[in-house]
Amino acid sequence: DQQVKQNSPSLSVQEGRISILNCDYTNSMFDYFLWYKKYPAEGPTFLISISSIKDKNEDGRFTVFLNKSAKHLSLHIVPSQPGDSAVYFCAATAQGAQKLVFGQGTRLTINP
Amino acid sequence: KAGVTQTPRYLIKTRGQQVTLSCSPISGHRSVSWYQQTPGQGLQFLFEYFSETQRNKGNFPGRFSGRQFSNSRSEMNVSTLELGDSALYLCASSTGGYYGYTFGSGTRLTVV
Chain A
1 DQQVKQNSPS LSVQEGRISI LNCDYTNSMF DYFLWYKKYP AEGPTFLISI
51 SSIKDKNEDG RFTVFLNKSA KHLSLHIVPS QPGDSAVYFC AATAQGAQKL
101 VFGQGTRLTI NP
Chain B
1 KAGVTQTPRY LIKTRGQQVT LSCSPISGHR SVSWYQQTPG QGLQFLFEYF
51 SETQRNKGNF PGRFSGRQFS NSRSEMNVST LELGDSALYL CASSTGGYYG
101 YTFGSGTRLT VV
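Chains A and B, in that order, are what the protein sequence lines are.
Position 26 (the first sequence) corresponds to 26 in this note's numbering; numbering is contiguous.
Position 99 (the second sequence) corresponds to 99 in this note's numbering; numbering is contiguous.
Rather than coming from a laboratory, the hints here were simulated on the basis of the structure.
The structure presented is a predicted model; accordingly, all values stated were derived computationally and were not measured.
Glycine residues also receive a C-beta, built at the ideal position from the N, C-alpha and C atoms.
The reader is advised that the hints may include incorrect statements.
Stated by the list, open to error - Stretches of chain B that chain A covers, calculated by requiring three or more beta carbons in the stretch to come under 8 Å of a beta carbon on chain A:
| # | segment |
| --- | --- |
| 1 | 23-29 |
| 2 | 33-41 |
| 3 | 77-84 |
| 4 | 103-110 |
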């Protein structure tokens, strides 16, 4: 039962353009969402998060949008840079759960 | 400050053998969580320890076990290895929840 889904295994974007990564979830108890970035041979690193009481959170080039009614969140990267090429995971958790539920990941490739 | 250290980085084992992986958290972090990453499955939660107590466990067979020591270092053990156990095993530490979750670089286990 995949509670968090990233339906696009890969995404290719031109340098300087916007990258949009999508994530859907099914568990309405989830109240906190996170995005992680992973390079090969390294562990995931935290990128940005959002609480369910908000619908948008920005940090520099990264913005996460949350649509609770659609159970959907997205990560926008503007402008995209070559160093953004990595696998991106979205994750969700609920109050007191002490664990994160991850999506399958989306491999983002930024082309020069 | 030193990050999360996982040893060994790479491991090759034969079916039926057992294996022990080690994780040293960031100094001061009392929570250690373990995840299994396989292609197409994202990161699957194994278990979480806090102050030597297992607080949460994922849906893995009993062959997967773990423990945490008084210095917060954690080990996970997999007995009677199967080919399907080949994966990247990641541990993450935090002060007590998913805030400030920091991942190690992982142990790549190959079962032949």
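Hints, verified against the model:
Beta-carbon proximity to chain A at under 8 Å applies to 0 residues in the segment 23-29 of chain B; the threshold of 3 is not reached and the given coverage is violated. As drawn, the segment 33-41 of chain B meets chain A at 4 residues by the rule of a beta-carbon pair under 8 Å; at three or more, the given contact holds. For the segment 77-84 of chain B, the stated coverage by chain A is not satisfied: 0 residues place a CB nearer than 8 Å to a CB of that chain, which falls below the threshold of 3. For the segment 103-110 of chain B, the stated coverage by chain A is satisfied: 4 residues place a CB nearer than 8 Å to a CB of that chain, which reaches the threshold of 3.
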